[in-house]
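Fit chain Z to the supplied structure of chain G, relying on the hints for placement.
The lines below spell out each chain.
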Amino acid sequence: MTTAAWTMLLVTWAVVFFFTGKFFWKVLTTPPRDDAE
Amino acid sequence: MAKGESWGSRVGLVLAMAGNAVGLGNFLRFPAQAAQNGGGAFLIPYLISFLLMGIPLLWVEWAIGRHGGQFGHHSAPGMFDRLGKKRWLKYLGVFGLFTNLAVAAYYCYIESWTLAYVWHSLIGTFKETPATEFFPRYLGQHEDSFFALPPEAFFWFILTLALNTFILSRGLAKGIEIAAKIGMPLLLIFGAVLAIRGLGLEPGADPGVTQSPLEGLNFVWNPDLSGLRNPNTWLAAAGQIFFTLSVGMGSIHCYASYVRSKQDIALNAASAGWMNEFVEVVLGGSLLIPIATAYLGLAAVQEATAGGSGFGLGFLTLPMLFNNWGWFAPIAGAMWFGLLFFAGITSSLAMGQPVMAFLEDEYRVPRNRSAILFGAATFILGFWCVWLYPGGSFDEFDFWTGTFSLVVLALAESFVFAYIFGMDRGWEEITRGADIKVPEIFRFVIKYITPGFILVVFVGALLNPVGGDWPGAFSSLVSGQGWPFDPGSVIGRVLHTGGEYEWFDETGRGTRVLVQDLTRILLLVVFLLCTFLVWKAWQNKKRSQA
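Residue numbers (the numbering used here), protein chains in the order written: chain G, 1 to 37; chain Z, 1 to 546.
Looking at chain G on its own, in the form it has when it is part of the complex (with noise of 0.2 Å):
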């Protein structure tokens, strides 16, 4: 693989990775609302 593929590659994934974990991570421990309406 060529250096800017791998350059491509790596910041692509970081970004996807870092996105994916981050917004999971705040579903699984933001508790739901309580929405008595």
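Rather than coming from a laboratory, the hints here were simulated on the basis of the structure. Please read all numbers here as calculations on a predicted model, not as lab measurements. Heads up, the beta-carbon is just placed ideally off N, CA and C, and yes, glycines get one too. Among the clues, some could well be false.
What the hints assert, rightly or not - Straight-line distance between alpha carbons at most 30 Å, and here's what the computed DSS-like set of lysine-lysine pairs gives:
| no. | chain 1 | residue 1 | chain 2 | residue 2 |
| --- | --- | --- | --- | --- |
| 1 | Z | K542 | Z | K86 |
| 2 | Z | K262 | Z | K86 |
| 3 | Z | K86 | Z | K541 |
| 4 | G | K22 | Z | K181 |
| 5 | G | K26 | Z | K437 |
| 6 | Z | K174 | G | K26 |
| 7 | G | K22 | Z | K262 |
| 8 | Z | K262 | Z | K174 |
| 9 | Z | K437 | Z | K447 |
| 10 | G | K26 | Z | K447 |
| 11 | Z | K437 | Z | K181 |
| 12 | Z | K85 | Z | K447 |
| 13 | Z | K541 | Z | K85 |
| 14 | Z | K86 | Z | K447 |
| 15 | Z | K262 | G | K26 |
| 16 | G | K22 | Z | K174 |
| 17 | Z | K262 | Z | K541 |
| 18 | Z | K262 | Z | K447 |
| 19 | G | K26 | Z | K181 |
| 20 | G | K22 | Z | K447 |
| 21 | Z | K262 | Z | K181 |
| 22 | G | K22 | Z | K437 |
What the hints assert, rightly or not - Which chain Z residues stay away from chain G? Per the calculated CB distances, all over 10 Å, these:
| no. | residue |
| --- | --- |
| 23 | P151 |
| 24 | R170 |
| 25 | S309 |
| 26 | R425 |
| 27 | Q481 |
| 28 | V526 |
| 29 | K542 |
Structure of chain Z alone, referenced to chain G:
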């Protein structure tokens, strides 16, 4: 509707939403699209489209869904009706019924192939019979006939439909949510195992391997900035984002309608969307192309993915390549088709729920009966796909319902949300109860950029010229020779360009054009029937209010 029906847990909702988005396209279409559109050149427009069109559209659909749910509407017609005072708004929602019903018909058929392939991988069929021989026989394809009623394919199709109907009849929390909680983790595990095994293949060390799989990975990831100047790469990338997120179908709206009005949608939507990207970009990009490249070489892979579909590689080539993996071959085959099956079923369930919700909400049909009605309707339409598969009915279903219809609904909803519902109310709806801070810039993006983006995709699909040669097409138009529509463009398809328009050949046999036209008539009838059902439901409502 079943009063009080709701999601059992927030994780269940997000996994169900992600399962809705993750489909066979993540593993078969994405790598093929990337391969056909210059590899790394494709990924930059793809990621930009995700941020400017995908994520905003997810928020719009979740917002429309949760808003509609507050009024007891869990399907698109009722939800759109509540977005404004115009009476025609509810008819936009017909697309949200029609698309789900018609896509489910052919999608369940593909899903049933994956189930059959799991079985055949486990019993070692592909060790004795090449998949290239097995598959046409399985589908009942003969050179001299457009019709087929293959018994085995039919059996697996019925089994798949029955499974879908059963899960749907159990409801949201006990059916769809459990399926997502089982299916999504298994899909991730299967994908990770296959990717690690596939990327570890070495020429010389592993039998049959001629190239490093990293060559395939290099092809997908090597950046080529010239792609940014090519409108066709942008159209392909935006199109892929569209299909991979399952936007424009009405299924996201439906799932979101069971979220309570003050509960978060911003974080849930972002989480489900990014999870889909993880499966597509990380897993989808690491399986088909690298493994196939290792055994066949890059040139053969590019040839096999011509047309932007990886179905040939996925169903014909990969089962053979797994034979080189010794004792692991049946397990690898079962894992590959198993992950495709889980990707498929979590999506097909999402197609069933909106149709059922419409029957439950607007016609007071109990859940079990609405599940059976959905199963029966899917069977009838699916039968057409099975029966006329060799004649091309399947492609017609895929194009008009799984491609064109989605873009129409998404285009309409992006304008309705921003300009009829109003951006102020829309923004309030998206951010109410949000567990993340939605960047203010998305207010501008949703109002101007996303509708414009979809409009460009729509016009591109409508007018795509032969070979994607836009400058050549404009020259042709200016010089009075007319617009050279590609046979795959919407208008090209309607006009049957690129072939002779004859229903019967000289021997009196029906042609593919006949099958295509009959399929279009069938789809039009289904659309009109959905429209009638919406009209009738509102008539009933009016009468009961009087």
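Exercise for the section: Could you check the structure against the hints above and give me the numbers of any it violates, in ascending order? Expected result: Every hint satisfied by this model.
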